[in-house]
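Chemist: Read top to bottom, the protein sequences are chains V, A and F. The first sequence begins at 4 in this note's numbering and counts up one residue at a time. The second sequence begins at 251 in this note's numbering and counts up one residue at a time. The third sequence begins at 200 in this note's numbering and counts up one residue at a time.
Everything labelled a hint here was simulated from the structure, so no lab data went into it. One or more hints might be untrue.
Subject to a maximum C-alpha distance of 16 Å in a straight line, what follows is the list of computed EDC-like cross-link-like pairs (lysine to aspartate or glutamate) [claimed, not checked]:
#	chain 1	residue 1	chain 2	residue 2
1	V	Lys-108	V	Asp-81
2	V	Lys-267	A	Asp-417
3	V	Lys-108	V	Asp-146
4	V	Lys-9	V	Asp-81
5	V	Lys-91	V	Asp-74
6	A	Lys-446	A	Asp-467
7	V	Lys-91	V	Asp-72
8	V	Lys-267	A	Glu-444
9	A	Lys-331	F	Asp-326
10	A	Lys-446	A	Asp-417
11	V	Lys-267	A	Asp-437
12	V	Lys-91	V	Asp-81
Covered by chain A, per the in silico footprint, the following chain V stretches (three or more residues, Cβ under 8 Å) [as the list claims (entries may be wrong)]:
#	stretch
13	133-145
14	197-210
15	252-263
Glycine included, C-beta positions come from ideal geometry on N, C-alpha and C.
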Amino acid sequence: MALQVKDLRVYYRTLRGDVQALDGATFTLADGEIMGLAGESGCGKSTLGKSLIRLDARMRLVGGSVELDGDILPIGDDEAMRPLRFTKVSLIPQYAMSALNPTRKIGKLIAELLRSRGFDYGRFRPELIRRLELVGLGREVLDNYPIELSGGMKQRVVMVLSTLLDPGLLIADELTSALDVSTQRAVAEALVEFRDRRFVGSIIVITHDISLVYQIADTIMVMYAGKLAEKAPAETIVTAPRHPYTQLLLSSLPEVGVRYSDRKLTGIPGRPPTLLKPPGGCRFRDRCPLAYDKCREEPPFTEVAADHLVACWKAM
Amino acid sequence: MLTLDGVGKTYRTGAFGGRELTAVRDVSFTVASGEVVSLIGESGSGKTALGRMILRLVDVTQGSITYDGVDISRLRGRGLKEYRRRVQGVFQDPFSCFNPIFKADRVLSIIRDEFFPGLRAEQWRQRMDGALAGVRLDPAAVLDKYPHQLSGGQLQRMLIARAVLLDIGLLVADEIISMLDASTRIDVLNLLGELKAQGLSVLFITHDLSLGHYISDRTVILRRGEVVEQGATGEVFANPQNPYTRTLLASVPQLHERWAAQ
Amino acid sequence: MIDSTILAEAEAGHLPLAESKTREALHYALRNRKVVGGLAVVLAFLALGLAAPLFTDHGPNDFVGPPAAPPSGDYWLGTTTFGQDVFLQFANGIRSTFLVGFLGGGLAALIGMTVGFVAGYRGGLVDELLNMLTNVVLVLPALVVLIIFHAYVGVTSVPMQALFIGAFSWPWVARAVRAQTLSLRTREFVDLARLSGMRTTAIIRREIAPNMSSYLVMTFILLFGGAVLFAATLDFIGLGPTDVVSLGLMMNSAVRWSALHLGLWWWFVPPGAGITAIVGSLYIMNVGLDEVFNPKLREE
Chain V
4 MALQVKDLRV YYRTLRGDVQ ALDGATFTLA DGEIMGLAGE SGCGKSTLGK SLIRLDARMR
64 LVGGSVELDG DILPIGDDEA MRPLRFTKVS LIPQYAMSAL NPTRKIGKLI AELLRSRGFD
124 YGRFRPELIR RLELVGLGRE VLDNYPIELS GGMKQRVVMV LSTLLDPGLL IADELTSALD
184 VSTQRAVAEA LVEFRDRRFV GSIIVITHDI SLVYQIADTI MVMYAGKLAE KAPAETIVTA
244 PRHPYTQLLL SSLPEVGVRY SDRKLTGIPG RPPTLLKPPG GCRFRDRCPL AYDKCREEPP
304 FTEVAADHLV ACWKAM
Chain A
251 MLTLDGVGKT YRTGAFGGRE LTAVRDVSFT VASGEVVSLI GESGSGKTAL GRMILRLVDV
311 TQGSITYDGV DISRLRGRGL KEYRRRVQGV FQDPFSCFNP IFKADRVLSI IRDEFFPGLR
371 AEQWRQRMDG ALAGVRLDPA AVLDKYPHQL SGGQLQRMLI ARAVLLDIGL LVADEIISML
431 DASTRIDVLN LLGELKAQGL SVLFITHDLS LGHYISDRTV ILRRGEVVEQ GATGEVFANP
491 QNPYTRTLLA SVPQLHERWA AQ
Chain F
200 MIDSTILAEA EAGHLPLAES KTREALHYAL RNRKVVGGLA VVLAFLALGL AAPLFTDHGP
260 NDFVGPPAAP PSGDYWLGTT TFGQDVFLQF ANGIRSTFLV GFLGGGLAAL IGMTVGFVAG
320 YRGGLVDELL NMLTNVVLVL PALVVLIIFH AYVGVTSVPM QALFIGAFSW PWVARAVRAQ
380 TLSLRTREFV DLARLSGMRT TAIIRREIAP NMSSYLVMTF ILLFGGAVLF AATLDFIGLG
440 PTDVVSLGLM MNSAVRWSAL HLGLWWWFVP PGAGITAIVG SLYIMNVGLD EVFNPKLREE
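Using the sequences and the hints given, assemble the complete structure.
Modeler: Structure representation (structure tokens):
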């Protein structure tokens, strides 16, 4: 399904004022596209992902709109979103492995969930088993308690569960961060397979691990301090990024190949600005080696090449 | 300098310790002076248990661990305290390592109380400033602050400073940067490199192969409590002999290469 | 669960939090109506118990007034069937109430916390043994033991009664403290303290207990109230010290001398109301303290 987000702003209410966690996100997601949403902690990626499915009590929709296949997605209205969750928009939450009720067998859990949505478990059971086998789990899993499964197995169960009703948009929040390297690959590739078989329409993969998301994503969007920094096809982001933050971030990642004795990598000095009363202009300018006086004015997120958007005066 | 010989760890579980769980089995390797050795393994590999045994936070069930010729697995009392002057550790979660109700620099003053009781205030101040400078921390920015007022990177550096205060020979670093942001990770890692250049040995425990490859001289690969491969880092990564090592390397996501089709 | 954004803000040091947790706690405590109200009531009773007997020239058990007289200007709470001053008995009774609460509660707190800390920190065999001990004491029928004890030795003073109460009231404290200690022990700052060469007692005293200080304070208040209730119950059924004035004993006498039937309400209502007020205020204070220490419960 095609997703269109226009100037989305979501703030968090705290005792000391509003934390401007997501401050004006505008982008589109084509049908069948896997987009990696990358950034460090506090950049707003989790907020963006969560706001597309459920705003919790402390989140406040301040402005902007979201359209799914041309229809407005009523993200500000919890009641109106309820029938759409799980059916049109679905989420694999962070720490999904801990989201399984430890006192229920997996099969019973899924049955209860479907029943609560008004669906018949019996009707879905053959498809459920087929999908479980697709991700490498046998039907015996339905008779297990969560504690009897490994982390990777639980993650795959949650994946199958979240996509059982073929949602148009799937949001995967830190899908693999708690898994071992070998299981990470299996789980990530299973996600791509789900898209290829049209179990899901489009996927937003939220992660802090760019190398991982590069393996499976079509496009990557980098966020910084509540704003969008850059969006481009995965290959372009990794080989020819235009935003200084993306460039510095990528150059600070040690991959197998670089050694300290040969070439010292450098990080990015300083810290992200506070989102409680964020500074005006480009939010990266305090740490940016290319900053100049125009950066005091906030750069718009514009297209600088085909499918390549950047929010930086120097890149335009 | 540090030698592990046939080290094993068995935990007793269940009521009255009826059942046994073997976390580590027959592990042997060495860490030479001024060397960084990375101990790589996934969850359940026993790498954390090994780190804790070396730090004497848990007892060694089998085998022996020798530091500079002394069998440290049986040390007690004063001998153990002396050992602590030589070997220290830094752990994964900086916010768990600091007692949240006290100021962050308390971890440094505890070292003073336990190891330098006779030191005058001025001498202590000098030592502390020197250690903080060595980890690139500005004393004015980090002293007299609570842990929640500092960033993860600053806290981890402070913990390294704490270890360095004692003039240690070996630092056991257990997943010390996995909870930090990508942009600060590399700075802390580079710090380890600088300390190594000054003669410190590091046992770098991690699950992340790229980090191990970046910083270490030798690599030990652990699987389910046993050593499956060890050797010079370049060699192990270029010519992995063990099939497990090969699978591990094949699954690591690379930044400029897509996973090869299996 | 703290949202990663808020956590990131806190990590970046941008959210200013109070310099001292104790000062913050004190600030909220003094503004919490339950804490202030509860404390005021308790302190008022304490003041009464301490001050009143100093201003009279007769003792609580002296036969001074007209028998069974209702409250009047001379005798504020009237007299008993023997002409004893009920108000003076009441004030003296409050003294022994506070004494037994403090000693009994304190002893239970001491035993319970020690057992809890040691069991939680050491684990293993020590933990198993202490758990067995806790469970045994928990199921021991205190009343039966006391009756037997009373028959042979007798409980002759308030401190002795407090000792007995303290010895039976600690198991739940041990359990709760053990649970908290178990969870705190796995935190890495305890590992760091061990790596710094700190000894076990020092670690418990300086690292673990301070983290639980709010819990320990509340536990003591509950034990205090519990001891008062237990003592009143024992006195009422005649298993307490008989030559000391206490509120429970007052109620015991009142029932024995048919105060209820004779309508001598001023004899049995004040002690009952007194115990209820003291214990009730302590518990309300505790609820208020819970709000003070746990920011999420504050009505903001």
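Chemist: Could you grab the alpha-carbon distance between Lys-91 (chain V) and Asp-74 (chain V) and see if it respects the 16 Å cut-off?
Modeler: This hinted pair holds, its Cα atoms lying about 12 Å apart.
Chemist: With a cut-off of 16 Å on the C-alpha distance, tell me whether Lys-267 (chain V) and Asp-417 (chain A) pass.
Modeler: violated (25 Å)
Chemist: Is the hinted pair Lys-331 (chain A) and Asp-326 (chain F) satisfied, with a Cα-Cα distance of at most 16 Å?
Modeler: Roughly 26 Å separates the two Cα atoms, so the pair is violated.
Chemist: Taken at face value, is the distance from the CA of Asp-437 (chain A) to the CA of Lys-267 (chain V) at most 16 Å?
Modeler: With a Cα-Cα distance of about 10 Å, the restraint between Lys-267 (chain V) and Asp-437 (chain A) holds, given a limit of 16 Å.
Chemist: Need the status of pair Lys-91 (chain V), Asp-72 (chain V): alpha-carbon distance at most 16 Å?
Modeler: holds (11 Å)
Chemist: Take the C-alpha atoms of Lys-108 (chain V) and Asp-81 (chain V), compute the straight-line distance between them, and say whether it is at most 16 Å.
Modeler: Given pair Lys-108 (chain V), Asp-81 (chain V) is violated - Cα atoms ~29 Å apart, limit 16 Å.
Chemist: Between Lys-446 (chain A) and Asp-417 (chain A), does the CA-CA distance stay at or below 16 Å?
Modeler: holds (13 Å)
Chemist: Against chain A, does the stretch 252-263 of chain V show at least 3 residues with beta-carbon separation below 8 Å?
Modeler: holds (count 11)
Chemist: Are Lys-9 (chain V) and Asp-81 (chain V) close enough, with their CA atoms no more than 16 Å apart?
Modeler: Violated, at roughly 20 Å.
Chemist: Is Lys-108 (chain V) close enough to Asp-146 (chain V), meaning Cα to Cα at most 16 Å?
Modeler: Status holds; Cα separation ~6 Å.
Chemist: Do at least three Cβ atoms from the stretch 197-210 of chain V come closer than 8 Å to Cβ atoms of chain A?
Modeler: violated (count 0)
Chemist: Measure nothing beyond the straight line between the CA atoms of Lys-446 (chain A) and Asp-467 (chain A); if it is 16 Å or shorter, mark the hint as holding.
Modeler: holds (11 Å)
Going down the numbered hints, you'll see the structure goes against 1, 2, 4, 9, 13 and 14, while the others check out.
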